[in-house]
Amino acid sequence: QKEVEQDPGPLSVPEGAIVSLNCTYSNSAFQYFMWYRQYSRKGPELLMYTYSSGNKEDGRFTAQVDKSSKYISLFIRDSQPSDSATYLCAMSDGFQKLVFGTGTRLLVSP
Amino acid sequence: DTGVSQNPRHKITKRGQNVTFRCDPISEHNRLYWYRQTLGQGPEFLTYFQNEAQLEKSRLLSDRFSAERPKGSFSTLEIQRTEQGDSAMYLCASSLAGQGADTQYFGPGTRLTVL
Numbered sequence: 193q194k195e196v197e198q199d200p201g202p203l204s205v206p207e208g209a210i211v212s213l214n215c216t217y218s219n220s221a222f223q224y225f226m227w228y229r230q231y232s233r234k235g236p237e238l239l240m241y242t243y244s245s246g247n248k249e250d251g252r253f254t255a256q257v258d259k260s261s262k263y264i265s266l267f268i269r270d271s272q273p274s275d276s277a278t279y280l281c282a283m284s285d286g287f288q289k290l291v292f293g294t295g296t297r298l299l300v301s302p
Numbered sequence: 014d015t016g017v018s019q020n021p022r023h024k025i026t027k028r029g030q031n032v033t034f035r036c037d038p039i040s041e042h043n044r045l046y047w048y049r050q051t052l053g054q055g056p057e058f059l060t061y062f063q064n065e066a067q068l069e070k071s072r073l074l075s076d077r078f079s080a081e082r083p084k085g086s087f088s089t090l091e092i093q094r095t096e097q098g099d100s101a102m103y104l105c106a107s108s109l110a111g112q113g114a115d116t117q118y119f120g121p122g123t124r125l126t127v128l
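The listed protein sequences correspond, in order, to chains H and U.
Going by our numbering, the first sequence opens with residue 193, and the numbers climb by one from there.
Going by our numbering, the second sequence opens with residue 14, and the numbers climb by one from there.
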């Protein structure tokens, strides 16, 4: 079993929809949680970084962490075609290695 | 552009050949990481440096792989006797050491194809 599980999708939504992306994990030592966006054949770009449980909002993006359930989410409001990409969750126990999910491919249609 | 840069962006080689990739981190960053990403998967950690010291290596990093960061600035990743299973995107990231997990900034990657 992988340490981090993420549905690979694809997830198809119409423009303007609210998107919910999720990851579950098994390692209770994870304390730092990130979401990266990756366009095709490009490197990952950091979107959100959160520590421990709680919510964090940045523009149209909201990250949620529920450590008791070992579950993290990324919400995208008012989704745009330019949001079409692969979204990777990543986690760390405070040491420097990041453990990534497989990524969820998101398609936002005009 | 002051982000992480990687060269070459693409490399095609024949099985059994050696290849070397270069990563130039963000200038003030003292930590540098290598990850490997295969199609449909997330990046997998290979190794990381703090300044010139290599502090952690994954068991994915077989003895055919070697990474260096000789002066604590740029880094090279060499793969000897390449195999078809080495075909992947090799990603470099850098960060500034701080408390907890650093924010890692990724480069565009080097895509390796082994024929």
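Simulated from the structure, these hints should not be mistaken for laboratory data.
The beta carbon of each residue, even a glycine, is placed where N, CA and C say it ideally should be.
Careful: at least some of the hints might be erroneous.
[As the list claims (entries may be wrong)] Below are the PhoX-like pairs computed for lysine-lysine, each with C-alpha atoms no more than 25 Å apart in a straight line:
1. H:Lys234 with U:Lys27
2. U:Lys70 with H:Lys194
3. H:Lys289 with U:Lys70
4. H:Lys234 with U:Lys24
5. U:Lys84 with H:Lys289
[Stated by the list, open to error] Okay, the calculated bits of chain H under chain U, using three or more residues with CB under 8 Å as the criterion:
6. 233-242
7. 287-294
Here's how the hints hold up against the structure:
no. : hint                  : in the structure
1   : H:Lys234 with U:Lys27 : 24 Å, holds
2   : U:Lys70 with H:Lys194 : 19 Å, holds
3   : H:Lys289 with U:Lys70 : 10 Å, holds
4   : H:Lys234 with U:Lys24 : 15 Å, holds
5   : U:Lys84 with H:Lys289 : 22 Å, holds
6   : 233-242               : holds (count 7)
7   : 287-294               : holds (count 8)
Consistency note: the structure conflicts with none of the earlier hints.
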